[in-house]
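Engineer: Next come the chains, spelled out residue by residue.
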Amino acid sequence: MKSTLMMMVVAVVAMMSLAASAGTISGKVSGVTGESVVYVEAPAGKTFPAPTQEPVIDQKGLMFQPHIVVVQQGTTVQFLNSDSVAHNVFWPSVGGNKKLTHNLGTWPKGEKRAFKFDNPGAVPLLCNVHPEMSGYVVVSPTPYFAKTDASGAYKIENVPDGSYTVTAWHEGAKNQSKPVAVAGDSKADLTLSK
Amino acid sequence: MNTRRRMFLLFAFVLTVVLLTGSSYAIPAFSRQYGTSCTTCHIDFPKLNDFGKAFKDAGFKFPKDDESFIKIPPVMLGAPAQKDIWPHSVFPGTIPGLPPIGLRFNQFFQYTSGNANNYYQVPPITPQTPVGTALSPTIPRTDFEAGYFSIFMAGNFGSDIAFWVDDDLSVSGLNANGALGDGYLRFVNIGRFFKLPTDALTLKVGQFELDLPFTQARSINISPYDIYTEANIGSSSIGQNVNNQFSMQDAAQGVEFSGGHQYGGYHYSLAIVNQNTSGGAAAAPSNVSSPAGFFSDSNYKNIYARFSYRFNLEKDPASRHDIQAAGATGPRDHTYLSLGSFYYEGRSVQRFISGTDSLLTAREPFYRVGGDFSFNYRTFNLFGLYMYGHDQDQAFNGDYSGFVPGSAAKFNGGFLEADYLALPWLMTILRYDRVQSTGDFLNGANSSNYYSPVGSARDRFTPGVQFLIHPNIKASFEYQYRPQQALYYNASGQAVAAFRTNTATGALEFVY
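As they're listed, the protein sequences go chains A and B.
So the first sequence is residues 1 to 194, counted in our numbering.
So the second sequence is residues 195 to 706, counted in our numbering.
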């Protein structure tokens, strides 16, 4: 009984100690309007298990909804067609690499097609019959990412203490990266430009 | 001769402008309303893809769940529940949330071939030609021409009532000398009131282009199809009195019943329209006071009928029956073969003062009949049409006191065209036109060509290329390898120094 109690105390202390070593990166992305994405680049040699959740991007009313989805590398995304017109999803590149272009084809209303994103970077989603349709999957190499709010503010939580590089992405601007040392609450403001 | 030549040149110039400024439309109003690109409905505007055909068939609406695609909600002209108390209220409808107005402007540049030098001659210059004879302007070797500035409106009022109005505000850079193109209301799927199958019966009322197998008003080509512009003018040299100015491209006024779909299966139309003759508007008859009605030359009604069947050749049944085929890289037009036929029957009217100082009215029945096909594979479309025209002739008798049956005036011809969309923004076109009309040849300089055709068969090749700079801006180029013509004939009736007015044309067009 005494030893069990002792183990519980040790476990709680260990958890508290872990929590104490996981910090937060917050800040503001300026220079652009609308949603941006901020993610932590993967430290060298560090990999992260792929999540099991499969987010859904809908094609509804001739729009990709949501317009921007951020996923961790290795995530499978489901593409749903809720429109009563035929749609197509393809992307010309992943992270600017045109060799990673892919076309998911055509599928009718109510059906989904899945794709696993194994390469990090921004994936511009297009439809070849409705060229005005625009969406993005931003594939983060780590599980540490966030979308900004309307003011450009963001907050990435549960980042283990350490030195990292954060990258900001916006659909109409060039990426910007900067180093940040995480120890508790850290701040990293980024300014993007076209 | 000078007057005659002046008339030639004026006619030729006007014809050039008209020919080079064929109407074409895409509808920016729909882009605004649905927040979508022109290419949703058009391959190379204004040519419709299968979805565009379905959109048009449905009354300028998305065929299914239209409301879910509209980005600018329509204005309600009555609460939906008003339907429940009809006829004790006006049946509610809607109007588009934005004025459904689109504008279009185009301009042209043309270059006529070296053979245009022929125009600079005055045939025949003889020693008797007075010195200092004034010459009329000639067709320039190169020319910039402003085309049309047009306004067009289209949409639907809810309750499956669609509308279309287009009008040319200015033509060739001049103000307000344009005209109404199409203006109609279309009552879609009224067959439901008679428990007919869906889309089996639709009614169109107003002024509209006939349901031609391949539209002229909304063609991608710069120059029109020659067979559509062919009027049947008989030759007095063989005693014919036929003077029928009707051509298939003319806008018709009347009603049209139609059914089926343009994107698969059967399609039919039956139009009852005003006779379209060379006669102008009639004067108000003396026995009817002015506001009692409308006065026109349209005592008779003509009939146009068309039937076609499109065989969608997709292997996958779901694709075959859907509006668009499910391609491996996205929706696309079906692979299909469409076969059709059409028939127009009417009566042209000519009035004369007889030899006995009374009125003589010649009513000459005529018909146009033809067949057409269209084959599509991916982005390649091969299509063609053949048409035969026949006008009965009422020739004058010896003392102009009446008519005797004359020899019918006939013509035939058609076209064959291949369109290949090499890239989503690059359309290549090769077209062959042919018209055979003995009357045109015999009429010589009075033919509808620039100058006299040298034979009864006229054909031309027209390669073209078009670039979509943006979905709503297009640059088009066309080279017309035109039929042989002649300025004049020698005493034995042979063409002297026959030539071809080959013409390169370029056009810039934008809609917004």
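I should point out that these hints are in silico values taken from the structure, not numbers from a laboratory.
In this text, all values refer to a predicted model and were calculated from it rather than measured experimentally.
Where a beta carbon is used, it is the ideal one built from N, C-alpha and C, also for glycine.
One or more of the hints may lead you astray.
Stated by the list, open to error - Covered stretches of chain A, going by a simulated chain B footprint (3 or more residues, C-beta under 8 Å):
#, stretch
1, 75 to 87
2, 95 to 109
3, 124 to 130
Engineer: Run every hint past the structure and note whether it holds.
Structural biologist: Consistency of the hints with the structure:
Only residues whose C-beta sits within less than 8 Å of a C-beta in chain B count toward coverage, and the stretch 75 to 87 of chain A has 5 of them, enough to reach three; the restraint holds. Closer than 8 Å: that is the beta-carbon criterion, and the stretch 95 to 109 of chain A has 5 residues meeting it against chain B, so the requirement of 3 holds. Against chain B, the stretch 124 to 130 of chain A contributes 4 residues with a C-beta closer than 8 Å to a partner C-beta. That satisfies the three-residue criterion, and the hint holds.
The structure agrees with every numbered hint stated previously.
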